[in-house]
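Colleague: Sequence:
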Amino acid sequence: MMTIDWSDFEKVEMRVGTVIAVEDFPEARKPAYRLRVDFGPEVGVRQSSAQVTDLYERDQLVGKQVVAVVNFPPKQIGPMMSECLVTGFHREDGSVVLTTPDAEVPNGARLA
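All the letters of the sequence shown, read from the start, carry residue numbers 1 to 112 under UniProt numbering.
Just so you know, the hints here were simulated from the structure itself, not pulled from any lab data. Predicted model, so just to flag it, every value in this text is computed and none were measured. Among these hints, one or two may not hold up.
Ranges between beta-carbon positions, derived for each pair [to be verified]:
#: 1; residue 1: 57; residue 2: 9; range: 28 to 36 Å
#: 2; residue 1: 5; residue 2: 59; range: 37 to 45 Å
#: 3; residue 1: 72; residue 2: 100; range: 16 to 24 Å
#: 4; residue 1: 75; residue 2: 99; range: 17 to 25 Å
Distance condition first, Cα-Cα at most 25 Å in a straight line; then the derived SDA-like pairs of lysine to any residue [stated by the list, open to error]:
#: 5; residue 1: 11; residue 2: 105
#: 6; residue 1: 64; residue 2: 47
#: 7; residue 1: 30; residue 2: 58
#: 8; residue 1: 75; residue 2: 110
#: 9; residue 1: 64; residue 2: 111
#: 10; residue 1: 64; residue 2: 41
#: 11; residue 1: 30; residue 2: 83
#: 12; residue 1: 64; residue 2: 85
#: 13; residue 1: 64; residue 2: 43
#: 14; residue 1: 11; residue 2: 76
#: 15; residue 1: 11; residue 2: 90
#: 16; residue 1: 11; residue 2: 42
#: 17; residue 1: 64; residue 2: 110
#: 18; residue 1: 75; residue 2: 108
#: 19; residue 1: 11; residue 2: 89
#: 20; residue 1: 11; residue 2: 30
#: 21; residue 1: 30; residue 2: 55
#: 22; residue 1: 11; residue 2: 71
#: 23; residue 1: 30; residue 2: 59
#: 24; residue 1: 30; residue 2: 80
#: 25; residue 1: 11; residue 2: 58
#: 26; residue 1: 30; residue 2: 57
#: 27; residue 1: 64; residue 2: 93
#: 28; residue 1: 64; residue 2: 40
#: 29; residue 1: 64; residue 2: 27
#: 30; residue 1: 30; residue 2: 53
#: 31; residue 1: 64; residue 2: 25
#: 32; residue 1: 64; residue 2: 1
#: 33; residue 1: 11; residue 2: 27
#: 34; residue 1: 11; residue 2: 67
For each residue, glycine too, the CB sits at the ideal point set by N, CA and C.
Whenever a hint applies, use it, and build me the whole structure from the sequences.
Modeller: This is how it looks when you write it as structure tokens:
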């Protein structure tokens, strides 16, 4: 495993946001949803693709708080421009478990 300096970690803006909309994303190479996530007034609403269809239904995601990296440059994913990276953990079966806070926090709160 490569080690990093504290200054490297400080560059990553990981923030909490609430999923406000979920759409199917049939154009994605792997099954995915298109998410719109509200990160509060400082960051705003951003969209992202999330390959979480194995474990989550669309209606389970709306209102869920997630942790995302918000300072990557936008990335073209099929016909959409991803504006953040919603984080999660891969299980042995390939499914992804979303990274979520275990208690509600304000949208836009930064991982400390």
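Colleague: Failing hints, ascending?
Modeller: 20, 25, 32 and 33
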